[in-house]
Every structure is written in structure tokens, then in C-alpha cells.
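Work out the full structure, taking the sequences as your base and the hints as a guide.
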Amino acid sequence: MKFLKKFFNHNKSANISHNNNSKVSTDLTISKDINVNKSRLQIIFKDCSDIIYRNLTLYDEDSRIEILLIFSGNLVDAKELNENIIKPLNYYGLTNKDIHPIEKFTLSTAEELISVNSIDSTHSFEELIEAILSGNTVLFMNNCNQGLVLSTVGGDGRSVEESPVENIIRGPRDSFVESINTNIGLLRQKIKSTFLKIKKTTIGNETHTIVSVIYMENIVNKQALEKIISKLDEIKIDGIFESGYIEQYLESSPYSPFPQMQITERPDKVCGNLLEGRIIILVDGSPLALILPTTFFQLFQSPEDYYERILYGNFARILRFVGFIIATSFPSIYVALISFHQEMLPMDLIIDLSRTRAQVPFPPVIEALLMEFTIEVLREASARLPGTIGQTVGIVGAIVIGEAAIQANIASPAMIIVVAITALGSYILPHYSTSYALRMIRFPMILMAATFGAFGIIIAWSWIIIHLCNLDSLGYPYLSPLAPLDSDIKKDGFIRSSLWRFKYRPKSANKSKESRW
Amino acid sequence: MYQKYKNGEISAIQSFVIILSVIVGSGILGLSRVVAEVSQQDAWISVLLNGIFISLIMIIIVYTISKFPQYNFLQYTCCLLSKPLGYLISISYSIYAFLVTAIVIRFLTEMVYTWLLPHTPMYITNFMILITVVYMTRGGLTTLARFAEVLVFLLIPFALLIFIALPEASIINLRPIGGSGISNILKGVFPSFFSFAGYEVILIYYPYISDKQRPVMKYSVVAILSITVLYTATVMSQIALYGPQEIAYVLYPSINYLTAVDFPVVERTEIFFTIFWIFTVLATIGIQYLAGCIVLQNIFTIKQTRFFTYIFAPIIYLLSLYPQNTSEVVDFGNLVGNFNIFFGFVLPLILFFMYFIRGRKNVNEKHS
Chain E
1 MKFLKKFFNH
11 NKSANISHNN
21 NSKVSTDLTI
31 SKDINVNKSR
41 LQIIFKDCSD
51 IIYRNLTLYD
61 EDSRIEILLI
71 FSGNLVDAKE
81 LNENIIKPLN
91 YYGLTNKDIH
101 PIEKFTLSTA
111 EELISVNSID
121 STHSFEELIE
131 AILSGNTVLF
141 MNNCNQGLVL
151 STVGGDGRSV
161 EESPVENIIR
171 GPRDSFVESI
181 NTNIGLLRQK
191 IKSTFLKIKK
201 TTIGNETHTI
211 VSVIYMENIV
221 NKQALEKIIS
231 KLDEIKIDGI
241 FESGYIEQYL
251 ESSPYSPFPQ
261 MQITERPDKV
271 CGNLLEGRII
281 ILVDGSPLAL
291 ILPTTFFQLF
301 QSPEDYYERI
311 LYGNFARILR
321 FVGFIIATSF
331 PSIYVALISF
341 HQEMLPMDLI
351 IDLSRTRAQV
361 PFPPVIEALL
371 MEFTIEVLRE
381 ASARLPGTIG
391 QTVGIVGAIV
401 IGEAAIQANI
411 ASPAMIIVVA
421 ITALGSYILP
431 HYSTSYALRM
441 IRFPMILMAA
451 TFGAFGIIIA
461 WSWIIIHLCN
471 LDSLGYPYLS
481 PLAPLDSDIK
491 KDGFIRSSLW
501 RFKYRPKSAN
511 KSKESRW
Chain P
1 MYQKYKNGEI
11 SAIQSFVIIL
21 SVIVGSGILG
31 LSRVVAEVSQ
41 QDAWISVLLN
51 GIFISLIMII
61 IVYTISKFPQ
71 YNFLQYTCCL
81 LSKPLGYLIS
91 ISYSIYAFLV
101 TAIVIRFLTE
111 MVYTWLLPHT
121 PMYITNFMIL
131 ITVVYMTRGG
141 LTTLARFAEV
151 LVFLLIPFAL
161 LIFIALPEAS
171 IINLRPIGGS
181 GISNILKGVF
191 PSFFSFAGYE
201 VILIYYPYIS
211 DKQRPVMKYS
221 VVAILSITVL
231 YTATVMSQIA
241 LYGPQEIAYV
251 LYPSINYLTA
261 VDFPVVERTE
271 IFFTIFWIFT
281 VLATIGIQYL
291 AGCIVLQNIF
301 TIKQTRFFTY
311 IFAPIIYLLS
321 LYPQNTSEVV
331 DFGNLVGNFN
341 IFFGFVLPLI
351 LFFMYFIRGR
361 KNVNEKHS
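First to last, the sequence lines map onto chains E and P.
Taking the working numbering, I'd label the letters of the first sequence as residues 1 to 517.
Taking the working numbering, I'd label the letters of the second sequence as residues 1 to 368.
It should be emphasised that the hints constitute simulated quantities derived from the structure, not laboratory data.
Just so you know, not all the hints are guaranteed correct.
As the list claims (entries may be wrong) - Mimicking SDA-like on lysine to any residue, the simulated pairs with C-alpha atoms at most 20 Å apart in a straight line are: (1) E:Lys507 with E:Leu225; (2) E:Lys490 with P:Val150; (3) P:Lys212 with E:Ser487; (4) P:Lys212 with E:Asp486; (5) E:Lys491 with P:Lys218; (6) E:Lys507 with P:Val150; (7) P:Lys218 with E:Ser487.
It should be emphasised that the depicted structure is a prediction, and the values quoted were computed from it without experimental measurement.
Here is the structure:
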């Protein structure tokens, strides 16, 4: 045992010293000799075949000038690098080779020659390495103890397309892509205000992912903003590949079925929320933005509600609330009615139901669970399969299995209708992650209904409501503006009112009392 | 509004909602029977008088407590009535609150047993209700107030249910108005007083209102008056349907009243009503239970009430299973109702007078 302990301890200390070594190498200052710099970088980027070292030679009055460009061949925009950096420098070198101009070639001369949009000079090796790894080009010159970071970020990425997940019929079609710069650009295009602030941090000690906190400075609640930024700084993780990582680190109740922040691909939705004073988190490499704080009622809001005429928008929203009720409790209501409260149904309906159910060997609860389970499996299968096959699986499942289940007397036709309507109801919500919540709630509800009938449903609903009352999103009550009750409920709760009544922002996001216009 | 409502605080509107739901929860179901037994067809006048009377008490209560904005229940009773008496009253209040909780839980169990689950043993139903209540109250006052706030909207469709049996009812059952005599009408105030039981929780919850600059007094009186209107309309319509003699034989007239009509899709409206009424009663139970726990918290000066909500749950479970049958439940209820006279009527009056006799000077000194 002791030996093992020693062994592990030894390992640990070795690790630490190794880390220290790498840290020391990055803490080095830039040498005046570019060959020293080059060899240092070559040690750091050992076995990194994508890093390219490009030497250029220029001449001035009395000496040869060595210039070294270092970049990652796959990340830079090669055209920009060739046209705007190498070409002007070489041209300068060629024209001046024989003439030997009088002026001295310094770093600022290089800055004048190079025509890229952003040039930073730096003394720290660490920054240089980070710049190279994020697609910039680093320029060293001999007799000069600083490096230039030239912005040449290129690389391949998706172009802005129509959102595949959050479709709307009336409204802008653009959606976020993986590149954070494109995404911020999309936001700037919509909000042309100097109050739109973008705070950048990097998270992940291996991936160094850029995470941006975006807010409107004049509207946002500073306290909430500080809380988010401090929470982001506390995150310790090696890599971030999706905004979902950040979501899980930020939410206060990770075991709740209800999402405590919204995710969206739509820039118009993000802008709408920014103007309400909410805070947006964008993660490089993820097309999904996080919106927080979020209230329960926002899960039922689609941007289209506001774009469409008021009546249509409200019709759709009320439909969604009905869909929510159906998706959570329709199968359990069916089970409760069939097993406990037959007397509540009209006589004719009871006769019909009992005739079709007479052949089914299972109690209603088994029937319901079986069919619900089948439909969940179908959904998961069709979501993972490639597009066209996925649709086929859906159709096969719905028609073949449903039909066969009735023929084989495993389920009654009424049960199939209930399950089908429930499945439709759970996809009516604009947020995909909400439908997860609904589908997870459904199964315990069915069990409660099978054990206690309507009383069980009420008890289960009480638990859900109590849980929702307990939840908060970034310190704001989740059920606001219903509980605590607020006058906002008239504006944008169960229904949305006319746009000119949105003069004051919802109180569940900011504390500024100024009017919007 | 960022974290404006700290945990354990409520808003003025929430206090309004709490008063509303604590009273309506258990009071309305048997109301017209108990009152009509005494004052016959004029029961609704008794209820109306009682409502006005209780609004006056409410004014007294809120006026007295509003002089002690920083004090909780224990502190202002100690300040006004001397320390030993204050502790005694606080402890007896929490016992009273737990007894009420137990009775209302039992009452709800009976309701579920009668209308929904005749084959499920009562101790299981009871247990389900109790864990819901503990879950509701463990988060403290803020969660509870929000829960009540969500469910108070159910009262609107319930209030509309009053009208559904009106085509079957006849006004002649209400006549002659005032025919039962003034003494009977005044006697009828007494049983209807118990249907308003629960408003005394404002004694406990008032110190936790975070925005006291809003007209809490107005809110509480409006709460009482709107319940009075609801009750009066209920009693009137039920007597008009059944007649004062028949109603004495109906245990829960408010539920049976709904059997008068059938809707095309939902048969048995009364079961439908009972199902949703469970929500309201749950809120009532939670509010009463937490009031008891908060008083204990004041006495023992612990930061959270969560501890008390856990340890008193088994006691309340046993208490609520103690009565053997419905009539014992009613007897037990009447017994505890007498305490209600003390906490809802006598105590506020004592506090009010003591404030004038000795408190006024002390309080002013302390504030200056």
C-alpha cells in the first residue's frame, strides 16, 4: 500500500513539475535573436506538423533584416497571408535590394507595409502561442524584442443558412453558425448601438474556447451580469464544445427537468431578448446561444408571436399552452378516467371504450406505458437517423406499429389516439429542450394516475407547481410574472398584448424602469 | 426586481392571496349547511354580517401590527403583553396551527375518500397529502406564497360555478327575507365565523411582507370582503336550490349543489370540482402548517423553518388519523374552532387595547 501511495504521489509531483516546465517556457520573454525564438517555438510546437515557419529576408541601409512568420497552415486565410503580408514585404525587399534605401527598417515600417485589418504587438510568449493557435500569424524581426500578431483568421466554416431546428414561417431566416465572429456580426447587423457590449473570456485549459457575454449596457442588471461573469470565471474544465457545457455549469438546479435558460439559433430572438435586458452567452464552435434569465412563460414564446398579427400570435400561444397540458397529462387523464372515474364520462363514450378495450389483455396503465415507450423509442430512432431514413422510420412506426398493435389487441384504438395526440402536443413548443421536460414528466404522471386516479394527477401537478415555484433562473423567480404576480402578466404572459404596450420592459429581466422609446 | 423577494419574504399582493386561499380552502364546503341550521333562509344575511364584522377585526389586526414593522409575532406579543404571556400565546398558537393542519388534512382525506378513492385506505391518501404539504413548506414562505398565487386563479372558474344551477333554483326558498328573526340571524353569525377561520395567519405573516409601503390594510380588507361576497352568493344560491330544511341533511352542500346540472362532455360536475378543489385545500393546509412552524422558528430563533416542517410532519400524520369517523372529525373540528375565537377575535382585541394602554408609549420611545 505504502509503495502504491508513494508511486501515485511521485506521479503527481512529476505532473506538477512538468506543468511548471511548460509554464516557464511560455513565460519567457522574446529574444532579439529570431533563431532563438524560432527554436523555442519549435520546442513548444514539437510534432505539430501544421505549424509553418516562413523566413523572409529584407535589406536596409547597412544590414540584412530577417523576418520570421509563424502560423498554422490550416487555420489562416492563405490568400490574405500571401496577398497582404508576404507580398508587400517581399516586394519591399526586392525593390530595395540594390538601392539600399537610407531609412532604417523597423517594426513600424513592417506595420505600415502589411495590410491586414488588425495588428497587435506583444512581449509575452503565451499570448503569441494563443494567437497562433487561434489562426493568427505571428511576425518576428531580428534585433527586436517584440512580436506582431497579425489577424489572418480564416479556416473553414459553415455559411449562414436557414435554421434547421427553429423554423418559423414569418420572420428572418438567418441562423447562427459555428464561428463566434460571424454570430456576433449577425447581432451587430441587427442592433446598431454602442450600448451593445461583448465581453470575451476563454474557458477550457486545453481548448481555450472563446466565450462571449453579450448585453445591452444601458438596460442590463449589473448585479446579474457580475454574477454571470464571476461564475464563468470559476468554471474549471479542459474543453468546451457546446454552449450546453456552460449551461450546466451556470444553472442552479441541474436536476430539475425544466431548462433554466433558453437556447436559440435565431439572431432575431437573441436581439429581442437583449433589448429586454437579458444576457446572452455565445460559445465559439456552437451555433446555439444561451439566453438568461429565463422564465417559464418564455418557453411558450416564439418570435413569430410578435411578427404575426396579434390575434394569430395569441392563437398560436394558447395552442401551445394547451399542448403543454396535453403533453404532460393527457395519457394520465385517460388512465385515471378508465381505471377510476368511469362515471365522469358520458354513457355512450363509456360503452364504445369498453367495447374496444374488451379484447385488450392489459390494464390501462400497462397499455399506456407500452405505447408511450414505443413512441419514445421511435422518436429517438428517427432523430438519430439521417434525414430521409428518419422520416421513413417515423411513418413505419406510426402506421405499421399502431395498426398492428390494434389488430393484435395489444392496445385499444382510443389509446393510440391518446398517445398520438400527446406526441404531437409535446412537439408544439418552440424549444426542443422543453419537450424533453414534458416527456420526462409524463411517465411518473401515468404511474400516479394509475395508483391514485385523479387525486394522483392533482398531487403530481402540485409537486410540479411547487418545484416551479422553487426554481429560479439567475436569481429571478422562474414563474414570474405569474408568481410573484406582476402587471407584466397582462403584457406577455398567457397572451401577448399589442406591441405598443411593450413600452416598459418585463421586470423579470432587468431593473431599469426607463421606457423603451 | 433582481432578488427583490428574498427567501422568506412575501409581497403585499401575496399576503392578499394568502388570506384569500387560507379562508376559502376549507370554509366554503359545509358553510351553507351550518349557517342554515340556525338562521334558515336568512343564512346569507348572517354570512354578510359576519363578513363585515371580520373586516373590522382585520382592520384592527393590521392597524396594531403595522405599528411594529420590525417585530415578529413573538416579539410584538411579548412587547405588548409581557414576556411569559407572549411565549405562552406563541406556543399555543403553534399548537393550534398544527391542530388545524391535522384537521384540514383529515378533512381533505375524507373528501378524497368520499368522492374519488373509496377503496384506497385513508392512511395512504393522508400520507400523500402530507408529503405534498411538507414539500410545499420546506422551501419557506416564498415558495408557499407563490404556490398559493398560482392556484388562486382557480377560484375564478369556481366562483362562476355558483351560477350553473340557478335555472333549477327558485327564489321562493329565500323568502320571507328576514323572516327567521333578528336573533336567529345574529346567532347565525356564530357558525359562519368558523368558515372564515384562517384569516388570523396575517398575525404571523405580516412581519414578512417586504413592501409594507403598499396598502396592506386595503388588500387584507378587500380579501375579506371579496370572500364575503363569494360566500354570500354561494349560500344564497344553495338555499335557493335546496331550501332551508333540506340543506341541513347535505354534508357538503357546495359539492352536491353541482349535481343539479350535467354538462354534455363532463358528467358529474361535482367530481370535477372536487378534483380541482384539492389544489385549494392543499394551499390552505400549507399556509396553516407553515404559520405554526414560523412561530416556532421565532421562539427558537433558528434561521430556517425547514427543520420544523420535517419534525412535525409525523405528529400531524398521527393526529390526522386519530378521529375514527367523519362525525368525530366534525366534533374535533368544532373543538379546535373554539381556539379560533381566541386567536381570531379575542387576541387581536387584547393586542389592540394593550397597544393603546402601554404599547404606544414604549413603541414610540423605541422608534425615536
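Going down the list of hints, with the structure as the test:
1. Distance hint between Lys507 (chain E) and Leu225 (chain E) is fulfilled; the C-alpha atoms sit about 16 Å from each other, no more than 20 Å.
2. Distance restraint check for Lys490 (chain E) and Val150 (chain P): the Cα-Cα separation of roughly 15 Å lies within the 20 Å cut-off, and the hinted pair is therefore satisfied.
3. Restraint check: the Cα-Cα separation between Lys212 (chain P) and Ser487 (chain E) comes to about 18 Å, which is no more than 20 Å; the hinted pair holds.
4. Proximity of Lys212 (chain P) to Asp486 (chain E) is assessed by CA-CA distance (about 16 Å); at most 20 Å being required, the pair is judged to hold.
5. As the CA atoms of Lys491 (chain E) and Lys218 (chain P) are separated by approximately 25 Å, the hinted pair breaks the 20 Å bound.
6. Restraint check for Lys507 (chain E) and Val150 (chain P): the C-alpha separation of about 18 Å stays at or below 20 Å, so the hint holds.
7. Taking the CA atoms of Lys218 (chain P) and Ser487 (chain E), the gap is about 18 Å. The hint holds against a cut of 20 Å.
Going through the hint list in order, the structure does not satisfy hint 5, though it satisfies all others.
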